[in-house]
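With the hints as constraints, model all of the structure from the sequences given.
Going down the list, the protein sequences come from chains A and B. Using this note's numbering, you'd call the opening residue of the first sequence number 38 and step up by one each time. Using this note's numbering, you'd call the opening residue of the second sequence number 622 and step up by one each time.
Misleading hints may appear alongside valid ones.
To be verified - In silico DSS-like cross-links for lysine-lysine, where the CA-CA straight-line distance does not exceed 30 Å:
(1) B:K634 / A:K153
(2) B:K725 / B:K655
(3) B:K631 / A:K164
(4) B:K659 / B:K634
(5) A:K164 / B:K702
(6) A:K186 / B:K655
(7) B:K640 / A:K183
(8) A:K177 / A:K137
(9) B:K625 / A:K153
(10) B:K631 / B:K723
(11) B:K653 / B:K702
(12) A:K164 / B:K689
(13) B:K627 / A:K153
(14) A:K137 / B:K655
(15) A:K153 / B:K725
(16) B:K634 / A:K76
(17) B:K631 / B:K660
(18) B:K659 / A:K82
(19) A:K137 / B:K702
(20) B:K634 / B:K725
(21) B:K631 / A:K76
What the hints assert, rightly or not - Just the calculated beta-carbon pair ranges, DEER-fashion:
(22) A:K186 / B:K714: 27 to 37 Å
(23) B:K640 / A:Q109: 32 to 42 Å
(24) A:N80 / B:K653: 13 to 23 Å
(25) A:K76 / B:L632: 17 to 27 Å
(26) A:D85 / B:R629: 10 to 20 Å
(27) A:K137 / B:N701: 39 to 49 Å
Worth flagging that the hints you see were computed from the coordinates, not collected in a lab. Predicted model, so just to flag it, every value in this text is computed and none were measured. Every residue, glycine too, gets a C-beta built ideally from N, C-alpha and C.
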Amino acid sequence: MIEPKRRLFLKATLAGSTLAIAVGAGLLTPTQVLAAWPKDAFNAKSVDDAIKGAYGSSSAAESGDIEITAPQIAENGAVVPVTIRSSMSDVESISVMIEKNGRPLGAEFRFTPRAKPMVSTRLKVAKSSNVIAVVKAGGKLYSASKEVKVTIGGCGG
Amino acid sequence: MAGKVKIRAKLKKGVAVVKSLMSHPMETGNRKDKKTGKKIPEHFIEVVDCQHNGETVLTAHLGASVSKNPYLSFEFAGANKGDTVKISWVDNKGETGSGEAKIK
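Shown next as structure tokens:
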């Protein structure tokens, strides 16, 4: 069994300089970076477990300071644009969950002080579901939710 | 070209607004190959590192629920025209990709 770093090196030499770019960009080694990915949160099958896995606790207070922009009715559940903005200060993290997806956690974003507390992406929504945003600000958790109805499901099923 | 990230970065009132598009299948592991009937294994970007002039401003942890060819838009303060934005990703197989652009 080839040792992981050597395997990555061999892959990189075949793939060109992408590994060098990643390492040069201060991304450390892929294995180190991947170790930081919150596996338990992403594998969780319920919203509560996903929040607990990401933040250590599942109690989030509902907040009107979180704005979720998403279509009320998504024509294509495979590509649903979602934007989350918060007007809170000291936002450390924003995560977005799709309640009825088999694994609700879609993404989790970690902000440095210079980053504005907003993020926009596109998610798969398997069936009509609440899209839930959880914001960690000033050490506390807040959440907001918006329903997205789907006419064609998003997980290739 | 595999692994390239397209980036558009503009300065709006001192805030850099970045829009990016990564090329990646983002397979959930649920989809079946139509010919073989077998499930296509999970293959998705896990970590995205967004840098401004070499300093990380945002880290994104993605799951397979992010749509194919992930789109990501974010904003950060303290930027100037001509500064460099670099976005690098690593997927669950350890494959990587990146791109960079100057703020306009």
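Going through the hints against the structure:
Distance hint between K634 (chain B) and K153 (chain A) is fulfilled; the C-alpha atoms sit about 13 Å from each other, no more than 30 Å. Between K725 (chain B) and K655 (chain B) the CA atoms are separated by roughly 44 Å; this puts the pair beyond 30 Å, and the hint is violated. Taken as a hint, the K631 (chain B) and K164 (chain A) pair is broken in the structure, with Cα atoms around 35 Å apart against an allowance of 30 Å. This hinted pair does not check out: K659 (chain B) and K634 (chain B) have alpha carbons roughly 51 Å apart, beyond 30 Å.
With a C-alpha separation of about 42 Å, the suggested pairing of K164 (chain A) with K702 (chain B) is violated against the 30 Å cut-off. Among the hinted pairs, K186 (chain A) with K655 (chain B) is consistent with the structure: their alpha-carbon atoms are about 27 Å apart, no more than 30 Å. A distance of roughly 23 Å separates the Cα atoms of K640 (chain B) and K183 (chain A); the hinted pair therefore holds under the 30 Å criterion. Between K177 (chain A) and K137 (chain A) the alpha-carbon distance is near 25 Å, which keeps this suggested pair within the 30 Å criterion.
Restraint check for K625 (chain B) and K153 (chain A): the C-alpha separation of about 25 Å stays at or below 30 Å, so the hint holds. Proximity of K631 (chain B) to K723 (chain B) is assessed by CA-CA distance (about 9 Å); at most 30 Å being required, the pair is judged to hold. Pair hint K653 (chain B) plus K702 (chain B) does not hold up; C-alpha atoms about 46 Å apart against a cutoff of 30 Å. For the proposed pair K164 (chain A) and K689 (chain B), the alpha carbon gap of about 17 Å is at most 30 Å, so the pair holds.
Distance check on the hinted pair: K627 (chain B) and K153 (chain A) sit about 21 Å apart at the alpha-carbon level, within 30 Å; holds. Between K137 (chain A) and K655 (chain B) the alpha-carbon distance is near 25 Å, which keeps this suggested pair within the 30 Å criterion. A distance of roughly 18 Å separates the Cα atoms of K153 (chain A) and K725 (chain B); the hinted pair therefore holds under the 30 Å criterion. At most 30 Å may separate the alpha-carbon atoms for a hinted pair to count; K634 (chain B) and K76 (chain A) exceed this at roughly 38 Å.
A distance of roughly 41 Å separates the Cα atoms of K631 (chain B) and K660 (chain B); the hinted pair therefore is violated under the 30 Å criterion. About 23 Å separates the Cα atoms of K659 (chain B) and K82 (chain A), which keeps this hinted pair within 30 Å; it holds. Pair hint K137 (chain A) plus K702 (chain B) does not hold up; C-alpha atoms about 42 Å apart against a cutoff of 30 Å. Restraint check for K634 (chain B) and K725 (chain B): the C-alpha separation of about 12 Å stays at or below 30 Å, so the hint holds.
For the hint pairing K631 (chain B) with K76 (chain A), the CA-to-CA distance comes to about 34 Å; that exceeds 30 Å, so the pair is violated. Distance hint check for K186 (chain A) and K714 (chain B): the Cβ-Cβ separation is about 34 Å, which falls inside the suggested range of 27 to 37 Å. Between K640 (chain B) and Q109 (chain A) the CB atoms are about 23 Å apart, so this pair departs from the stated range of 32 to 42 Å. A hinted range of 13 to 23 Å for the beta carbons of N80 (chain A) and K653 (chain B) is consistent with their spacing of about 21 Å.
K76 (chain A) and L632 (chain B) have their C-beta atoms about 37 Å apart, which leaves the hinted 17 to 27 Å range violated. In this structure the hint that D85 (chain A) and R629 (chain B) lie 10 to 20 Å apart at CB is violated, the actual value being about 37 Å. A C-beta distance of roughly 44 Å is found between K137 (chain A) and N701 (chain B), which places it inside the suggested range of 39 to 49 Å.
Consistency note: the structure conflicts with the earlier hints numbered 2, 3, 4, 5, 11, 16, 17, 19, 21, 23, 25 and 26.
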